[in-house]
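When you get a sec, could you build the whole thing from the sequences and use the hints?
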Amino acid sequence: MNGFELSKVMGVVQRFRGANNEGVLAIILLALIVGMSIANPAFFTLTTFFAIVRSSIVSLIFALGVLIVIISGGIDVSFATIAIFAAYSTVRLSQSADFDPGLIGMLAIALAIGGLLGLVNGAVIARFRLPTLIVTLGTQGIFKGILLTYIGSQYIADLPASLAAVSTMNVFQITTDTGRASLHIMVIPAVLLCLLVAWVLRNTMFGRGIYAIGGDPEAARRAGFRVMRTQMWIYVIVGMMAAAAGIIYMIMGRSANPRDLVGGELDIIAAVVLGGASIFGGRGSVLGTTLGVLLVQVINNSLILAGVPSAWQRTAVGLLLIVGVGVQALAAKRSSREIRALVKEEVPA
Amino acid sequence: MNSKPTSGSTLTRFNDQVQDRTSAVISRIHVSHGAGRMVLLVLIAFTFFTALNPSVFLSLLNLQNIALASPEIGIIALAMMLAMLTGGIDLSLVSIANLSAIAMSTLYATVAADNPAMAEELMPVLILVGIAVGLVGGLINGFLISYVGITPILATLGTMQIYNGIAIAWTGGRTLYGSPESLTVIGQATVAGIPVLFVMFVLVAIAIGVVINKTPVGLKIQLQGANPIAARYSGINSHVVLMSTYVVAGLLGGLGGVFFLARNPTASADYGASYVLLVIVIAVLGGTNPNGGFATVSGVVLATLTLQIVSSGFTAIRLSSSEYAIAQGVILIVVMVADQVTWRRRRRRAPTRARVLASRT
Amino acid sequence: MTSPTSTYAQAPVLQVRDIVKTYGGVTALSGVSLDLVAGEVHCLAGENGCGKSTLIKIISGAEKPDSGEIIIDGIAHTAMNPSAAIKSGIQVIYQDFSLFPNLSVAENIVLTAAVAERKRIYSRRVSRPSAKAIVDELGLTLDLDADVVNLSVADKQLTAICRALVHDARIIVMDEPTTALTHTEVERLFALVETLRGRGVALMFVSHKLDEVLAVSQRVTILRSGKHVITSPSSEFDRRSIAKHMTGRDINDARVVSTLAADTPIVLDVEALGLRGAYTDISFALRRGEILGLTGLLGSGRTEIAESLFGASPAEQGTVRVDGEVVSLRSIDNAIAAGIGYVPEDRLSQGLFMEKSIADNMIAGSLDSHRTRWGGLDTGKVRATIQRLFDRLHIKAPNVSAPVRSLSGGNAQRVVLAKWLANKPKILMLNGPTVGVDVGSKEEILDILRGEAAGGMSIIVISDDAPELVASCHRVLVIRQGHLVHTLEAEDITVNTILERMAE
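Chains as they are written, first to last, in the numbering used here: chain C, 1 to 349; chain P, 1001 to 1361; chain B, 2001 to 2504.
Note that these hints are calculated values from the structure, not bench results. Among the clues, some could well be false.
As the list claims (entries may be wrong) - Heads up, simulated DSS-like pairs for lysine-lysine below, C-alpha to C-alpha not over 30 Å straight-line:
1) K2426/B with K2227/B
2) K2424/B with K2381/B
3) K1214/P with K2396/B
4) K2426/B with K1214/P
5) K1214/P with K2381/B
6) K2424/B with K1214/P
To be verified - Example chain P residues on the side facing chain C (calculated, C-beta under 7 Å, incomplete):
7) I1162
8) N1164
9) V1202
10) V1204
11) V1284
12) S1322
13) G1329
14) V1334
15) V1335
16) A1338
Stated by the list, open to error - Example chain P residues on the side facing chain B (calculated, C-beta under 8 Å, incomplete):
17) K1220
18) A1226
19) A1230
20) Y1233
21) S1234
22) G1235
23) R1345
C-beta: ideal position from N, C-alpha, C; glycine also.
Take a look at the structure:
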């Protein structure tokens, strides 16, 4: 094979790998699915597939928000609290005022609350340039406290009619010989959000600004990006997406519990990082994130089918994260050495 | 440092000297301000709750409760401070502590099933086992961070999941009961009215303080956090420094597990789940710079006390734990913002430096 | 002083008038004025800390002046902001380029312009051709789809220049553009500058390298300690007069070098050292008390040789003997154990802990030798070491607990030097020991080195500052493209020979 063909092949391989190793992730996911299907035919059914999709919906929406923050070079641990705050407050409000503004109305209220809480994060982070992890850690406590003290700490078993109506709605439902398989309607907003976020990140100046800020905030400022304003918007948007996820979570769970969701923040961050986003900012894609979330869900599902106690799920995800990031770290170490040697070799000796 | 103006532009020289003096004073304030500020906060919190409900808040029992609840959180916060001092973070500490408590409790229960008397005598061995679990946890973290080169936040996020997963699988998600009587006795004993656990915590804190400020390895940890590249060029071996930091952090986590079990003869995988983030709050509140290089042990000890005082003060005036969560968040953000504002004001006094020639290779 | 307008009758595109800027109590600029005409290259020269960078920041809108005004096309502004400056056609290429490492070359080129035009939508399909147009117009070869992080320094700079042009810049300011370039890359850059000038762009070229200043510009403005010294056509200057205006005194070409006895023992013996892609077959010997110069252009391999001897990037071939014993230099620990010290090139990022105290910085490299029997830090001994070095190096600082950030360049460099002297190495290598140091400190630092050498230390000075090598070195090794090409001795060591041998 001559050099030209080789470089062409390398180019194709490179393109398939994607900017953030999406290709590698896809292969791992595929291998896992094939392996599981061979080991246990019960895995390769529509029922399992729909179950995995269903369990991914809320995580995926959270992960999209986390992805945006991570690309901008930050980290957010308050999103789960914002989600439950916004969704529970909305339900509570509707219940105590005995007023049902319909699905869209409910969603609008929740989004407004989520956006407002996100604005608090964004204002403190952008105005005072504080470490994002620490700020969201603080606001998380504040939001949780306010929710449980002033809004309510009671479990609400019956949702307002407009929400309850969608709870059992499916896009698609068939009965196969392995049981009934149904695809919940809430998969639609999740897919739409994926497409929307992907489009915004790739094709708007706001999206490119997020990458620019994550790459080098000082350079972004010099280039004329309004860094403070962009940062504020990032956290407002993440707040709104969290609120949407909160409402969807309640619809699918058919109840509202103010103590739910909180505690799983780090799992979502792990999925996003697995999906190729760089914790240092500037890198990440919706495709990678989606694959990351699916991979975690598939692993959880396979472990159950493989008869491994569900207790080991956390360990498996942790191991996957360590192996994934560890391989990247080792590769980075080696390539930095190689790049140095290559660059120098261009100097005729 | 001669203050006598000697030549030509007397006024300029004088100005320079005044400038030098003030900046020296300011820099000294900055060095001790983590601790100084926390003394103030402790006093404010203390007087505030005393004024609101003296009979309950000032009771011996309440004060002892503060002193009893602080050590287990404080010791993990010290471990977090160490990790942050090198510019890292350790999210796995609480999982390590729980794993250590679970290991101890399981070992005790196994031996006690056959021979209760012997299990009782095993107490010192159990403590060693607990600390050993911490050591192993810390070794794994240290290896991943220093030799494999994984960013601390991701490495410990992963090991946190792993350790926690092992704990869940081990206990089947249940709470384990059982620990030697003598350990519980230690956990509840007091010396001159001060709980033994608190005394131990203070001793450990002093030891850590001595290590960071008065030993070569401690200074290396600080310098590694302040500028890893300059540390490398100064001959400081980052592998050794990071490894020892995370091993010590793991050891402290293991000790935290011993404290868990001494205070409460039960162990479970999800005990102290809220501690993960709480100890970060304490470390930062105590003046630890999350970017590395700066931290004071006294600041972290006082921050632990402040949060415990606020917590029990809230109980004394009948506020809920949720309201305590609000207070915790507000204190963190207010302190951080105040810090940032004073830092910027101070920074503005000095000329900004040209950017480093970072692009050179 | 010649009035610039008499030489260039054309109306200036940019004028700055009486700019004053202070930070806290320190005056960075006190009433600086200058103007820029279309189609000229105007050099802004001066030593580090003279106010060049501050002036650039004010022109680009990154900083606001305390008083004074900026006049563009006859319209006066009291202050700019980054977008307004870009809209007026001002583009600044910073020393660090301010590129986005995570984005492609094409996107880096077009993104700034898109921001200035307040675009909302970004389209790869539209932006790539416009990036390509600029790259082609300048006759450059750049991979438009490569991520900037993977580019060489020279290509990064070309990307930054293309970015400046995409927005129809009429005024381009280049801050120290040649610092990290090799000789051929500098020539390519100067050709490009000439092209731009032909298109009627006004260029401001900021530098402290005298030869460059003379080679590339039509007019020169010199600043010293925030004050305007002179503006004149470059034909009226030579190296010596520029240096004189920059420093305020004559340069001293005299050699102050001790004589070494013929039987002085060899301390360091390097034999056939090689590192793939960096240098090959380097052999030399260093004697006790000798100051050896190691020179060459940037990228010649001089820094790599030093870093290999320090174990930072170990050599692949060859042997190194210290005092006759073969030593293995696989890591920095090895080198330090063998008695080798190294003051790195980039003081701010490699040499100092800026926020840490002077004291901590001074003992950072010798912590293990300040240990008590119990493993603690011997505070008495530490204090003695610091006091000794403080006096020895004449460090000017209010007290040792002040952060290093508060020090001037010269004093900061002495702190780095102190860090190594505290370790008492047999061999001390210094990379660019006086870069960014004021003239007075420069002389003193060289004196300190002479003193240490007289005391028995062997010293290697890695530098491309010829006068400095002339003034202090017993011998000078010239490295070119990874090979040791000349060893200059005694009367051969002059500024001219060094410069010729380096570049030939």
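Each hint tested on the structure:
A hinted pair counts as satisfied when its Cα atoms are at most 30 Å apart, and K2426/B with K2227/B does not qualify at roughly 43 Å. Taking the CA atoms of K2424/B and K2381/B, the gap is about 14 Å. The hint holds against a cut of 30 Å. For the proposed pair K1214/P and K2396/B, the alpha carbon gap of about 26 Å is at most 30 Å, so the pair holds. About 28 Å separates the Cα atoms of K2426/B and K1214/P, which keeps this hinted pair within 30 Å; it holds.
Only pairs whose Cα atoms come within 30 Å are accepted, and K1214/P paired with K2381/B is accepted, the gap being roughly 13 Å. For the hint pairing K2424/B with K1214/P, the CA-to-CA distance comes to about 22 Å; that is within 30 Å, so the pair holds. At its closest, the beta carbon of I1162/P sits 4 Å from a beta carbon of chain C; the interface hint therefore holds under the 7 Å criterion. At about 5 Å, the closest approach between the beta carbon of N1164/P and any beta carbon in chain C falls short of 7 Å, and the interface hint on this residue holds.
With a least beta-carbon distance of about 26 Å to chain C, the hint placing V1202/P at the interface is violated under the 7 Å criterion. Below 7 Å, beta-carbon pairs count as interface contacts, and V1204/P has none with chain C, the closest being about 25 Å; its hint is therefore violated. For V1284/P, the shortest C-beta to C-beta distance to chain C is roughly 6 Å, which falls under 7 Å, so the interface hint holds. Taking 7 Å as the C-beta cut-off, the interface hint given for S1322/P holds, the closest approach to chain C being about 4 Å.
Hint on G1329/P holds. Least Cβ distance to chain C is approximately 3 Å, under the 7 Å limit. Proximity of V1334/P to chain C is violated relative to the hint, the smallest CB-CB distance being about 9 Å (cut-off 7 Å). Below 7 Å, beta-carbon pairs count as interface contacts, and V1335/P has none with chain C, the closest being about 9 Å; its hint is therefore violated. Taking 7 Å as the C-beta contact cut-off toward chain C, the hint placing A1338/P at the interface is violated, the least distance being around 10 Å.
Residue-level restraint check for K1220/P holds (minimum Cβ-Cβ distance to chain B is 6 Å; threshold 8 Å). Interface hint at A1226/P: satisfied, since its Cβ lies 4 Å from the closest Cβ of chain B, which is below the 8 Å cut-off. Among the interface hints, the one on A1230/P holds; its C-beta lies about 5 Å from the nearest C-beta in chain B, closer than the 8 Å criterion. At a threshold of 8 Å, the smallest CB-CB gap from Y1233/P to chain B is about 5 Å, leaving the interface hint in force.
Hint status for S1234/P relative to chain B: holds, with the closest Cβ pair at about 4 Å, below 8 Å. Restraint check, G1235/P versus chain B: the minimum CB separation of about 4 Å is within 8 Å; hint holds. For R1345/P, the suggested interface contact is broken, since its CB lies about 10 Å from the closest CB of chain B, more than 8 Å.
Of the numbered hints stated above, those contradicted by the structure are hints 1, 9, 10, 14, 15, 16, 23, listed in ascending order.
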